[in-house]
Amino acid sequence: MVRISGSPAPQGLSNSRLGLLHALLHQYGPPRWSRYVREHWSGQRLVIAVPWIWLFLFFIVPFLIVFKISFSEIRLAMPPYAPLFEWLEEGRRLVTTLDLSNYAFVISDGLYVSTFLYSLKIAAVSTVLCLLVGYPMAYGIARAAPTTRSLLLMLIILPFWTSFLLRVYAWMGLLKSDGVINNVLLSLGLIDMPLTLLYTDLAVYIGIVYSYLPFMILPLYANLEKHDITLLEAAADLGARPFKSFFLITLPLSVPGIVAGCLLVFIPAVGEFVIPSLLGRADQLMIGRILSDEFFANRDWPVASAVAIVMLIALLLPIMIFQRYQRRELEAAKR
Amino acid sequence: MKSRSGFRNGALVLGLAFLYMPILSMVVFSFNNSRLVTVWDSANSPTLTWYRKLFANEQILDAAFLSLQIAAMTATGAVILGTLAGLALVRFGAFRGRAMLSTMTTAPLVMPEVITGLSLLLLFVALEQLTGWPEGRGIMTITIAHITLAMAYVTVVVRSRLVGFDDSLEEAALDLGAKPLTVFFRITLPLITPALVSGWLLAFTLSWDDVVISQFVSGPNSTTLPMVIFSKARLGVSPDINALATILVLIVATGVVLSTLYMKHEEKRRLREEQMARSGN
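Protein chains in written order, with my numbering: chain A, 1 to 335; chain B, 1 to 281.
For reference, chain A alone in the conformation it holds in the complex (with noise of 0.2 Å):
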């Protein structure tokens, strides 16, 4: 028997069913439990622990909860859906209303077909023209003076802490029709009417370039600073042209930058919701639109989680590529 320190059972007791009662509360009691404690849940647990269980409880949990509401009958209550699981004739029958009609109604709908469409559209040419504005600013910064450097990082960061609401407001006052762009241009006389600028794609183009944009800088900036730059000197020297000499060089050194970036850009922008609301089309709604709208004013639960999970099926692999790369990211600074 294992003894724990310090009270030892009372020795006439030992026979009796007192003394196996004695022996049990020793065995399994508190005392043995402290000193559980103190051997094996050291404060190394601990550490691990607290964060554990905390996004365990808020971040795992809550998906769990979708998963299974998704699968729910909308019901006229609060909460509005029925029970997956109910007991019946108390408590005597199980009955299971798995219903598939969520998916089925998401899936087949016209309507949500071509805003999942959308929404992967509008992100994919974001991300695009996001690449294509942010290559060469991280390319410059990367190439610049190293006391430089740091001030250009510091100016394409700081935008990032002001309000991200604030800077997509500001574009409203700029794409207006009677906007500052419209304003100017006019003034200038290169247009005679103002332009449409406002609830357009375009105007969600520019919201989403506009507020990604140091997420695609930095990663492709930390990729390109590492670049070793006798690389390039070596094909200078060989006789290529600088622009041969990206392509061949930089530009495929650099695609771990371009994908990380790209995705960091890419996936939040799908389910993006504050952007369309204020820049875009009425008419074209975005699925974070639709699944807020679904919730709130349909008050169909089950369908809004459904949404939720298909989207994020189709944002699954670009979220398994991430968390790869992010991976082997910090595993690449530990060296």
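Hints in this document: simulated from the structure, not taken from any laboratory.
Ideal Cβ placement from N, Cα and C applies to all residues, glycine included.
Certain hints may be false.
[Claimed, not checked] With a Cα cut of at most 27 Å, we get these calculated DSSO-like pairs of lysine-lysine:
(1) B/232 with B/53
(2) A/244 with A/226
(3) B/268 with A/226
(4) A/226 with B/264
[Stated by the list, open to error] Selected chain B positions facing chain A (Cβ under 8 Å, derived; list incomplete):
(5) 15
(6) 17
(7) 18
(8) 85
(9) 101
(10) 102
(11) 106
(12) 115
(13) 138
(14) 209
(15) 211
(16) 231
(17) 233
(18) 234
Based on these hints, arrange chain B on the given structure of chain A.
The following block gives chain B in isolation, referenced to the frame of chain A:
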């Protein structure tokens, strides 16, 4: 080569102009005294009318105070949890659940906010049904949601700071008989302080700025500042938001410049101390 550097600098200048032009226009038009918000009225401007109106608007002031409270609590909570997670991931080697922890701290970074918001709301509703907690939604639920998102960012910051240091200092202290807790507070914590400062600021900004997640998990009496701004902006451009934006930009710019200077200073001090320690050997 010269034309290429010209192209690079041109791209940089244009890109920076693209980044700063909208902010500048907001600042300029916050002093505009015209009912047409985006048409400059040179006869009556500049003016402080919109600032006066802003400070008389109780809805905005209340929302700002609420947002400040939530952001401060979020930042503090996220720094504590994010530091623990970063420490575990970098310093503890292989442990059960490490891959899971790593995934759970990077996935929120790219998760579309509508999904995070929806799933957290559904969790709170289910929890309330099962346990009675949380009673309704408000400051508490918004803060929990924000901490969950922000701690992922803090973890990344702390992680990348920690991998920059080898653990020989900590090992040495442990060998000399220091308790793990003492090692953490005397060695690890001072080393990662700059990361904690920027992590705190990052978490604060994320929370202060969030509208999508807040909309899902807020209650009837917990309208945050971004929610007020968002509902106003949906109706069109309004000049008092320009004034609000200008104030916020000023605060942020000052904060970022100050914290950058502080971090530069800390970095220099650390390098100097390292040098002194080396020459002492």
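Hint consistency between residue 226 of chain A and residue 264 of chain B [alpha-carbon to alpha-carbon, up to 27 Å]: Holds, because 22 Å separates the two Cα atoms, which is no more than 27 Å.
Just to be careful: measuring from the Cβ of residue 138 of chain B to every Cβ in chain A, is the smallest value less than 8 Å? At 16 Å from the nearest chain A Cβ, residue 138 of chain B fails the 8 Å test, so the hint is violated.
Hint check, residue 15 of chain B versus chain A [nearest Cβ-Cβ separation less than 8 Å]: holds (4 Å)
Is the shortest C-beta separation between residue 17 of chain B and chain A less than 8 Å? violated (11 Å)
Hint consistency between residue 244 of chain A and residue 226 of chain A [alpha-carbon to alpha-carbon, up to 27 Å]: holds (20 Å)
Measuring from the C-beta of residue 211 of chain B to each C-beta in chain A, is the shortest one below 8 Å? The hint holds - residue 211 of chain B has a Cβ within 8 Å of chain A, the shortest such distance being about 6 Å.
Should the interface hint for residue 106 of chain B be scored as holding, given a Cβ-Cβ cut-off of 8 Å against chain A? Since chain A brings a Cβ to about 5 Å from residue 106 of chain B, closer than 8 Å, the hint holds.
Hint check: is the beta carbon of residue 233 of chain B less than 8 Å from a beta carbon of chain A? holds (5 Å)
Does residue 234 of chain B hold up as a contact with chain A if the rule is Cβ-Cβ below 8 Å? Cβ of residue 234 of chain B sits 7 Å from chain A, so the hint holds.
Is the shortest C-beta separation between residue 85 of chain B and chain A less than 8 Å? At about 4 Å, which falls below the 8 Å cut-off, the nearest Cβ of chain A leaves the hint on residue 85 of chain B intact, so it holds.
Does residue 18 of chain B pass the interface hint, meaning its C-beta sits closer than 8 Å to a C-beta of chain A? For residue 18 of chain B, the interface hint holds, since the closest Cβ of chain A sits about 7 Å away, which is under 8 Å.
For residue 232 of chain B and residue 53 of chain B, compute the direct alpha-carbon distance and say whether it is at most 27 Å. The given pair, whose Cα atoms are some 15 Å apart, holds under the 27 Å limit.
Of the numbered hints stated above, those contradicted by the structure are hints 6, 13, 16, listed in ascending order.
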